[in-house]
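J.: These are the residues of each chain, in order.
There are 2 protein chains.
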Amino acid sequence: MKWIYPDFEFRPKRPLFLCVISNTDTGKIPGLSAAGTTPELTDYTPGADAELVETNKIITMPELPEAPGGSPTPAIVTKAALNLTKIPSLFVASGLRKKPAVPYVELGGVGGNDIRKQTGVPDAKMLYENATLLGKKLATLSDCIFIGESIAGGTTTALAVLKALGYDVNVSSSFATNPTGLKTQVVMDAFSRAGIKEGSLKNDPLRAVTEVGDPMMPAALGLMRGLAGTKVVLAGGTQMAAVLALGAALGIEGDISIATTKYIMEDKTANFKEIVESLGRPYYYSDPGLENSKIPPVQIYAQGYVKEGVGMGGAALLAAINGVPREKLVEETDHVLMTVELPKK
Amino acid sequence: MKWIYPDFEFRPKRPLFLCVISNTDTGKIPGLSAAGTTPELTDYTPGADAELVETNKIITMPELPEAPGGSPTPAIVTKAALNLTKIPSLFVASGLRKKPAVPYVELGGVGGNDIRKQTGVPDAKMLYENATLLGKKLATLSDCIFIGESIAGGTTTALAVLKALGYDVNVSSSFATNPTGLKTQVVMDAFSRAGIKEGSLKNDPLRAVTEVGDPMMPAALGLMRGLAGTKVVLAGGTQMAAVLALGAALGIEGDISIATTKYIMEDKTANFKEIVESLGRPYYYSDPGLENSKIPPVQIYAQGYVKEGVGMGGAALLAAINGVPREKLVEETDHVLMTVELPKK
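So the protein sequences, as listed, match chains A and B. In terms of this note's numbering, the first sequence has 467 at position 335, counting the first letter as 1, and numbering is strictly consecutive. In terms of this note's numbering, the second sequence has 369 at position 237, counting the first letter as 1, and numbering is strictly consecutive.
Do not rely on the hints blindly, as some may be mistaken.
Here are the simulated lysine-lysine pairs, DSBU-like style, with alpha carbons at most 30 Å apart [claimed, not checked]: (1) Lys268/A / Lys231/B; (2) Lys231/B / Lys160/A; (3) Lys269/A / Lys249/B; (4) Lys257/B / Lys257/A; (5) Lys145/A / Lys218/B; (6) Lys269/A / Lys363/B; (7) Lys218/A / Lys329/B; (8) Lys230/A / Lys405/A; (9) Lys268/B / Lys189/A; (10) Lys160/B / Lys269/B; (11) Lys363/A / Lys460/B; (12) Lys394/B / Lys477/B; (13) Lys476/A / Lys145/A; (14) Lys160/A / Lys268/A; (15) Lys145/B / Lys218/B; (16) Lys257/B / Lys230/A; (17) Lys230/B / Lys269/A; (18) Lys363/B / Lys218/A; (19) Lys460/B / Lys231/A; (20) Lys230/B / Lys269/B; (21) Lys268/B / Lys476/A; (22) Lys218/A / Lys218/B; (23) Lys249/B / Lys363/A.
By construction, these hints were calculated from the structure, which means they are not laboratory data.
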């Protein structure tokens, strides 16, 4: 059964699945992100996602990362896809406060600030350069690199940079009901603090990241830049669409596309397709069929909860092109969730 | 001109140069290590080596790492070889206290203890498992992986684990005159603290690492284990010979050899050749010809100062098999040293 649209024709010989993990205090604004049951736990979510994907254990967080609606982290789908394909993953920390207890690449930097109150990513330039260096190395080893993300609050900073670049768009949410009013208010407050206007940074994308972005962005951008010559697939929804827009503004060239989920494509409150099409980059989406899960909190992904994250859509695409049947991915996702080891209380 | 002995016939397509960076308080025992001008600075030496190789800048240490005799860190030779071959490097932190300001892989763990006073590597098992996980990933990407090290004090812990495994041998030193008496005393004190005897841990190599080793060892061992199926070349002198011995005791199999410098081969106070030959593993050594340097502190490498470190011998081998003339490596080494950027005072 076909479950990737349109066809992804390239068959990588040595694929690598990267996932940038970062924190931003913007994600702690109450009501903004569903990644982490409480604002305090959001700092631990990306590290816990890394632990789940690398070892199927949660080590540094007291519980499985989940949304307030009770859906588990999309890392379970990513883990399932990587289990079934044996494709290696590598987590890349960029401005990450709580480090995972599994191997990861450290790019440095401090956690991102609440963009309403302070410069979002003071060390954006350094993170961009360090990620470029890493990208150059990986370009010699892999012929196709997927780049996902895990950062709570990232859709709001995505909205902020898109507006700073002049895009009149909206972004998705990990909530089923997108808190667009709150997001827009945060962006307006941040613009007012930074003294910028919609479109005023279209020629200074790194300043947009620094002022109103998050630390995932300079890492993904630097990787894209360093990986020139290798096929790059951004794995994510509107956050990665924002990275694509920033990359275009920076003049980053190469074989760059984006892969996400059907749930993002169906999100009427967000403009994923418009942004990507305006940039002239190919996009792909997978329909992982999670309504067929035996576990209700996983089934409701298909109703628009969670939607994306930890490169879930790209990982599902990798499973599909490696011949994994869709029902097998759902089955393995359920298995991952049923067997994940949690810290003893 | 031939400057690698014997011939290294494999021509890797996607080589990767790893370097494990770690700390041990054993290296702070006065008179034991020449890596870092003062015992206090030894914690910064591995990170500074990483910074030098990745960016030709020293960022987190106040000065270029050097030996008391005034010789600069062997990282300059490694950097020169990687510059000339464009082979990617990746530094891997394992029990590292002072982190570099460049991208690196973090395996976790705390700095190693003074083996006379405490268990050397309390988290050896975790580091071994994490490194195994990393090795498995890299095995899918590279067809030949070199593993070097930078850890001040590592030859003493190497001596300790070799004796715990039952090898009646000696190890090299970064000093021109090997402080063998002091090293043996440290090992005896450590054995007495841990309640072990020469050879008493020959069937429990991970306990040897835990009790009297350093955090570089479980990382190098785990990488070797995870990399099964990929060609592995340990790049170092007697420290890597100790890793080879530990790997044999652990039953780690694969295409594993060791590459070092002529300066290690000529060290009459150490038993590099005996250890490696007894294990039946191929060894190679390069003669980088540093007596032809225009810079006296580099020339004296050829008189037995420094000898090895940061995978210098293996990096020189990579240069040679990639057709770099020996005089070009010396010239580039001088160039690296003359142009390295130091922190502003």
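J.: Can you name, in rising order, the numbers of the hints this structure does not satisfy?
T.: 3, 4, 7, 8, 10, 11, 12, 13, 14, 19 and 23
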